[in-house]
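Asks: So you can see what is in the structure, the chains are spelled out below.
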Amino acid sequence: MASEAKSEPHPAAQLTLAGMLLGLRRVSVLMPGVIIFAVAFGAAASAKGLSLFEAVMMSALVYAGVSQLVAMELWRPEWTWGAIVALAFVTATVNARTVLQAASLQPWFSRYHWFVTAFQLSFFTDANWLVGTRYHGEGGRDVGVVLGAGLGLWVVWVLMTIPGHLLGALIADPRKYGIDMVMPIFFAAMIVPLWRGKRAALPWIVSGIVALITVRLVDGYAFIIVGALSGAVAGALLDDPA
Amino acid sequence: MTLPEPGSWGPYLAILGMALVTYLCRISGVVLMSFIPLTPRVRRGLAALPGSIVVATVLPLIERLGLAAGLALLAAIASMVIRRSELLALLVGMGVVSLMRAAGF
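Protein chains in written order, with the working numbering: chain D, 1 to 242; chain B, 1001 to 1105.
Treat the hints as calculated values from the structure; they're not laboratory data.
Beta carbons are placed, not taken as given, at the ideal position from N, Cα and C, and that holds for glycine.
Any given hint might turn out to be false.
Straight line, CA to CA, 25 Å or less: simulated SDA-like cross-link-like pairs of lysine to any residue [said to hold, decoys possible]: (1) D/K198 - B/G1070; (2) D/K48 - B/S1008; (3) D/K198 - B/R1043.
A partial selection of chain D residues facing chain B, derived with a Cβ cut-off under 7 Å [said to hold, decoys possible]: (4) E54; (5) M57; (6) I84; (7) L100; (8) Q106; (9) F109; (10) T133; (11) F187; (12) A236.
Simulated coverage check for chain D against chain B, where a stretch passes if three residues somewhere in it have a Cβ under 8 Å from a Cβ of chain B [unchecked claim]: (13) 59-69; (14) 75-83.
When you get a sec, could you build the whole thing from the sequences and use the hints?
Replies: Okay, structure coming up:
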């Protein structure tokens, strides 16, 4: 059905405790994966010589798992301004996907005071983007769902960095238990609730093909943003009514 | 005048730099879109965006992570089609990838 047709104004920009609890419940399936990921990050950080304080500070302030692990590859005992800027640049490329994720929910977020959005987005990650997208697709409009999911994961992420750092090398290879697959599986599963028929999936095919080409040509994580943008452009052009 | 070297503040400045750019990534999508009028065309582009992000993230990962990962993702999607439960899909996917990796794939 045409979803644009039913865009009645929602007078109240909702942010309720009930919504936050719903978000927490929806994201809870990811908790075991996030715990193990946080522990793995803590262990990598201690192996690279970060103090416990530094590791926890990074988890609390950055709160973006993949970019934190990539940062451990680039971490060094001595810092120059150049190295700091280089690390920030790599971090930006890894996290560039959140630009598009937040953009996709902007028509919803724009109903709120800018302060609410600026605060809520501090906790914006893959996981609560997926939860929020699914919830919004079902007709939900309470941004507490996004905030509750993000805050809940943030608390777990920060706390679980500690045992990881303390136990360090005792942690077995998370790959063995398929933990590296938690987010990819959660992403892939989203295809089903997002499905709106073959025609609406054409931009996804464009996105996938462009991403596969980009991953061969460019190192790093550019493939996500290049592929997804191509899909959005295809969606904007393709569906033009005659 | 030149900046003094970061010295012992280096690790903290590195973390703050990461935090700053990550937050800018988080808010800039919303900020940019607030300057773009929501024409029907832009709306259609935004509607295509979530699925495009999902596909662009996952498809190259299958290539990187191998056959076991690809089958695990397919199994998870199949599970979602049959019963729409993320938890079940996660368990099915993790089960498939663990079994296949244990079997040496």
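Asks: Would you mind marking each hint as holding or not holding in the structure?
Replies: Comparing the hints with the structure gives:
1. D/K198 - B/G1070: Distance of about 22 Å is within 25 Å: holds.
2. D/K48 - B/S1008: holds (16 Å)
3. D/K198 - B/R1043: Given pair D/K198, B/R1043 holds - Cα atoms ~18 Å apart, limit 25 Å.
4. E54: Holds, because the Cβ-Cβ distance from D/E54 to chain B comes to roughly 5 Å (cut-off 7 Å).
5. M57: holds (6 Å)
6. I84: Interface hint status for D/I84: holds (5 Å vs cutoff 7 Å).
7. L100: D/L100 check passes; min Cβ-Cβ to chain B is 6 Å, inside 7 Å.
8. Q106: holds (4 Å)
9. F109: holds (5 Å)
10. T133: holds (5 Å)
11. F187: Constraint on D/F187 satisfied, holds at 5 Å.
12. A236: holds (3 Å)
13. 59-69: holds (count 6)
14. 75-83: holds (count 6)
Going down the numbered hints, you'll see the structure goes against none, and every one checks out.
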